[in-house]
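Model the full assembly from the supplied sequences, consistent with the hints where possible.
Number of protein chains: 2
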Amino acid sequence: MQLLLDNISKQVHLTAEALEIFPTYWKKDKLKKGQYLLQSGQICRYDTFVLKGSLKASITNQSTHKEEIVFFALEDWWATDLNSFHQQTPSFLNIQALEDTEVVKISNSGFERLLEQIPAMERYFRLILQSHTAALTRRVYHRNALSARERYESFLSQYPHLNARIPQYLIASYLGMSAEMLSKIRSDFRS
Amino acid sequence: MQLLLDNISKQVHLTAEALEIFPTYWKKDKLKKGQYLLQSGQICRYDTFVLKGSLKASITNQSTHKEEIVFFALEDWWATDLNSFHQQTPSFLNIQALEDTEVVKISNSGFERLLEQIPAMERYFRLILQSHTAALTRRVYHRNALSARERYESFLSQYPHLNARIPQYLIASYLGMSAEMLSKIRSDFRS
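Protein chains in written order, with the numbering used here: chain A, 1 to 191; chain B, 1 to 191.
Examples of chain B residues lying across from chain A (beta carbon under 10 Å, computed):
1. Ala57
2. Glu68
3. Val70
4. Phe71
5. Leu129
6. Ala135
7. Tyr174
Pairwise CB distance ranges (calculated):
8. B:Gln42 to A:Gln35: 39 to 49 Å
9. B:Ser183 to A:Tyr36: 37 to 47 Å
10. A:Lys27 to B:Ser131: 23 to 33 Å
11. B:Ala164 to A:His65: 32 to 42 Å
12. A:Trp77 to B:Ser183: 38 to 48 Å
13. B:Gln39 to A:Gln35: 42 to 52 Å
14. A:Gln35 to B:Gly34: 46 to 56 Å
15. A:Ser63 to B:Gln158: 12 to 22 Å
16. A:Arg138 to B:Asn163: 18 to 28 Å
17. A:Gln117 to B:Lys184: 53 to 63 Å
18. A:Trp77 to B:Ser187: 38 to 48 Å
19. B:Ser187 to A:Gln62: 19 to 29 Å
20. A:Lys66 to B:Lys184: 21 to 31 Å
21. A:Gln42 to B:Gln158: 19 to 29 Å
Derived by calculation from the structure, the hints in this document are not laboratory data.
No residue lacks a Cβ here, since even glycine has one placed at the ideal position from N, Cα and C.
Here is the structure:
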C-alpha cells in the first residue's frame with residue numbers, strides 16, 4: 001500500500017484524514033505466475049495497482065489466433081482495462097501475471113466513493129491519465145513513423161527495466177513486429 | 001462557448017456560480033484554412049477546444065521528411081499537445097487548420113486556476129482523458145493486430161464523419177498505410 005501512497009504523494013497532497021480512510025477502500029491480492037487478473041469477456045471489476053511482480057495485457061487476434069500484447073504492467077503502475085472498469089462492460093483484454101505478483105485493488109463503486117471522500121484523487125487520476133495519454137500518443141506515432149529497429153531503440157531507452165524482465169517474444173508483439181525480426185535486430189546490435 | 005459547456009454538462013454539473021466565472025478563463029480565436037495553431041518546437045501555450053472546423057496534428061518524420069498524422073480534431077473535441085501544454089516544454093507536433101476553424105482556448109496558468117475555482121472540472125478532464133485513453137489503446141492494438149483493410153473498416157464504422165471531411169491521403173497516414181494502399185482498399189469496396 002505504501003508504494004501506492006508514495007506514487008500518489010508525488011502528484012497530490014493527501015490530508016491526515018484522507019490518509020486514514022484511504023486504505024479502507026483497497027483490497028490486497030496475490031497472483032501466481034500465469035494466473036489471470038482478468039479474462040476477455042469478463043467485466044473488469046477492479047482498478048488494480050501493482051505492488052510487486054509484472055503482468056501482460058493482451059488480445060487474441062480473431063483472424064490469426066495470435067496473442068497481441070497491448071501493454072505491460074510492473075510494480076508502481078496500473079493494470080486495468082479502464083474502459084471495461086469505468087463502463088462496467090465486458091473486457092476484450094486478458095491480463096495475466098508474468099511472475100508471482102502482488103496488487104492492491106479497488107472496486108468500481110469503491111472508486112466512486114473514494115473520489116467523493118477524497119477529491120484530491122480526482123486530480124491524481126487526471127494527472128496520471130495525462131502522462132498515460134502522452135505515452136500512448138507517442139506509441140501511435142512511433143508505430144506509424146519509425147522502423148522496427150528505431151522502435152526497439154526507443155523502447156530500450158524509455159523502458160530499460162522492461163527489456164530485462166519481459167520475454168523477448170512478448171516485447172516483439174508489443175512493438176508490432178515478429179519475434180524473428182526482433183531477434184535479428186538484437187543480433188545486429190551485438191555484432 | 002456553448003458547445004464546450006454542453007460537452008462539459010454531459011459529464012459533470014456546474015453550479016450557477018461556476019457557469020458565471022467559467023467563460024472568463026477562455027479566449028475565442030479563429031484560424032484560416034492552412035493556419036497553424038501550433039508548430040513543432042513551440043511550447044503549447046493553450047488547451048484548445050474546437051467550436052467549428054477541423055485541424056490535423058502531425059509530426060514530420062526525420063528520416064523520410066514525410067508528414068505523419070497523429071490525430072484529427074473536429075468541432076466538439078480538443079486540439080492540444082497535452083504533454084507540451086502541461087509540462088510547458090517544446091512540442092513535436094504541428095497542429096494546422098484543415099478548414100476555417102473557430103476555437104476557444106485557455107492558458108496553462110488559467111487552466112490551473114480554473115481547476116482551483118471549479119473543482120468539478122478536475123472530474124470532467126479525468127473523464128474525457130479516460131475515454132481518450134481507451135480510444136488510443138484500441139488504436140495501438142488495431143495497428144499491431146489488424147490488416148490495413150480491417151483498420152479502414154474500423155475507422156469507417158467509428159468515425160464516419162471524419163471519412164467524409166478529411167482528405168484520403170491524411171486518413172491513410174493516420175491509419176499507418178500508404179495513400180496507394182488506401183486507394184486500393186477503397187476501390188475494392190466499391191467493386
